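J.: Listed below, chain by chain, are the residues.
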Amino acid sequence: MIDNLSKSITKSQIWKSIFRVGIPTDNRKRALAMLGNVVLHLHPIKVKKSGIRMSYTWCMGGTAFFLFLLETITGLLLMFYYRPTVEYAFVDIVDLREAAAFGIMRELHRWGAHAMVIAVWLHMFRVFMTGSYKPPREFNWNVGVILLVLTLLLSFTGYLLPWDQLAIWAITVGSNMARATPLLGNEGPGAAFLTLGGQKLIHVGSDARFALIGGRTIGGATLIRFYVLHCVGIPLVAAFLMAVHFWRVRKDGGISGPM
Amino acid sequence: MADEPEGSPSPEPNVPAGPQASTTPPAAAKPAAPVAPAARPAVARPAAPAAGDMSRRGFFSWAAVAWVGFTVAIGGCVTAMGRFMFPNVLFEPPTSFKVGRPADFASGVVDTRFVDKYGVWVVNDGGRIFSLIAICTHLGCPPAWLDTQNKFKCPCHGSGYYKSGVNFEGPTPRPLERARISVSPDDGQIVIDKALKYQYELGQWEDPNSFIPA
Numbered sequence: 001m002i003d004n005l006s007k008s009i010t011k012s013q014i015w016k017s018i019f020r021v022g023i024p025t026d027n028r029k030r031a032l033a034m035l036g037n038v039v040l041h042l043h044p045i046k047v048k049k050s051g052i053r054m055s056y057t058w059c060m061g062g063t064a065f066f067l068f069l070l071e072t073i074t075g076l077l078l079m080f081y082y083r084p085t086v087e088y089a090f091v092d093i094v095d096l097r098e099a100a101a102f103g104i105m106r107e108l109h110r111w112g113a114h115a116m117v118i119a120v121w122l123h124m125f126r127v128f129m130t131g132s133y134k135p136p137r138e139f140n141w142n143v144g145v146i147l148l149v150l151t152l153l154l155s156f157t158g159y160l161l162p163w164d165q166l167a168i169w170a171i172t173v174g175s176n177m178a179r180a181t182p183l184l185g186n187e188g189p190g191a192a193f194l195t196l197g198g199q200k201l202i203h204v205g206s207d208a209r210f211a212l213i214g215g216r217t218i219g220g221a222t223l224i225r226f227y228v229l230h231c232v233g234i235p236l237v238a239a240f241l242m243a244v245h246f247w248r249v250r251k252d253g254g255i256s257g258p259m
Numbered sequence: 260m261a262d263e264p265e266g267s268p269s270p271e272p273n274v275p276a277g278p279q280a281s282t283t284p285p286a287a288a289k290p291a292a293p294v295a296p297a298a299r300p301a302v303a304r305p306a307a308p309a310a311g312d313m314s315r316r317g318f319f320s321w322a323a324v325a326w327v328g329f330t331v332a333i334g335g336c337v338t339a340m341g342r343f344m345f346p347n348v349l350f351e352p353p354t355s356f357k358v359g360r361p362a363d364f365a366s367g368v369v370d371t372r373f374v375d376k377y378g379v380w381v382v383n384d385g386g387r388i389f390s391l392i393a394i395c396t397h398l399g400c401p402p403a404w405l406d407t408q409n410k411f412k413c414p415c416h417g418s419g420y421y422k423s424g425v426n427f428e429g430p431t432p433r434p435l436e437r438a439r440i441s442v443s444p445d446d447g448q449i450v451i452d453k454a455l456k457y458q459y460e461l462g463q464w465e466d467p468n469s470f471i472p473a
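These protein sequence lines are chains A and B, in that order. Under our numbering, think of the first position of the first sequence as 1, with each following residue one higher. Under our numbering, think of the first position of the second sequence as 260, with each following residue one higher.
In case anyone wonders, no lab produced these hints; they're calculated from the structure. Keep in mind that the hints are not guaranteed to be accurate.
If you only want the chain A side, here are some residues facing chain B, beta carbon under 8 Å, derived [as the list claims (entries may be wrong)]:
id, residue
1, W169
2, T172
3, V173
4, N176
5, S206
6, F210
7, A211
8, G214
9, G215
10, R216
11, T217
12, G219
13, G220
14, A221
Straight line, CA to CA, 20 Å or less: simulated PhoX-like cross-link-like pairs of lysine-lysine [to be verified]:
id, chain 1, residue 1, chain 2, residue 2
15, B, K412, B, K422
16, B, K456, A, K200
17, A, K46, A, K251
18, A, K29, A, K16
19, B, K453, A, K200
20, B, K376, B, K357
Please read these numbers as outputs of a predicted model, since none were measured by experiment. Even for Gly, the Cβ is constructed at its ideal location relative to N, Cα and C.
Make the full structure from the sequences, and use the hints.
T.: Next comes the structure, spelled out in structure tokens:
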């Protein structure tokens, strides 16, 4: 009877429309099962034995990606409670610890962020030490460098959101560096040459820092700007580049190892 | 296109021809419009190169126009989006404000009443009343006036300044900045304008607008 039931299920149109290949009984069918499934095809069909040697890869790239997923999920949950305004930001952060269920979602997000930065650094260190940045993987190394910068920018923008003294002054100090941007910062080299009829084009109310923080000093405009960048802008770009990164890993000869 | 004869006969889409001849000549010999309806039945034959009205040169001309238009449109959009990130209205405190009469500031005292609201100290050093901007010249943190130690001290990296604003310890490279200060002719109150700054290392502290005689 069970046999009949399972047969009627696996022969049904619904089942067949989802699982096109059927029970994979040989290597070809196994490969087809991977290729025909949107989730499974994200993983390579074949993995080299050297590619799963932890002592070689440290699994730091995978760890960084796992932490990105963790940050995405915990961050999404935090967004249900956190309001990015001068009035509410700090008290909402306190509430996330004192009043929200478990009180650890924000801690998970915070520690996950620290761990992600460390994982990305270790991943790059390993890739460098094993020479895995060399041709034909040099393009992917550069994608990875951009992803490192995006990881740091995610940390930087997230730093402001608790809206406590540490956050405000850390972002004050950090964003003051943008004053020194060549040409685009009001104290940067070359900015003094950008004048029109004696009027400075690049001044404290028109330079790169002004656009970054939405004003002359860190304030409510900065908070909402960093919030949007932290929750939407940078993650979107990072997710796209991660797709490129993982795709190129496979196209460039698989997870690190001798070509 | 160079080897195409000038004024070649109008296209005959029904006649299979080589790749050169299949292109119609440019605009001059372009009575193609009446030809086109006649050619319609030929559409049934997929082998015939349906050149339509457009020559190769015409196609690339329009493609160039389209690309230029596309680039301009995208450039305009990017410019507009960039401009959008620069706010037109700021919800920041005014840079110019009144703090009271000169007689309210006792000699030798650093007045900290206006730091939280306006971000300046008003100092009477005995000879002059001047206004120090409460932004550390190292990296922009807010120093604090420590009365017992008789100095300004920045909590971020430990820069220290004398009562005059001149730096003496920590990583800061230069003294605090002073704001423009004057006495209002209307009501005799001190007016401070933070938008105009006076730097010691540029010799600007001797500017008469940077202090008022005590």
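J.: Hints first: check each against the structure and report whether it holds.
T.: For each hint, the structure was consulted:
no.	hint	result
1	W169	5 Å, holds
2	T172	5 Å, holds
3	V173	4 Å, holds
4	N176	5 Å, holds
5	S206	7 Å, holds
6	F210	7 Å, holds
7	A211	5 Å, holds
8	G214	6 Å, holds
9	G215	5 Å, holds
10	R216	6 Å, holds
11	T217	6 Å, holds
12	G219	7 Å, holds
13	G220	7 Å, holds
14	A221	6 Å, holds
15	B:K412 / B:K422	11 Å, holds
16	B:K456 / A:K200	17 Å, holds
17	A:K46 / A:K251	12 Å, holds
18	A:K29 / A:K16	15 Å, holds
19	B:K453 / A:K200	19 Å, holds
20	B:K376 / B:K357	12 Å, holds
Violation of the numbered hints given earlier is absent; every hint is satisfied by the structure.
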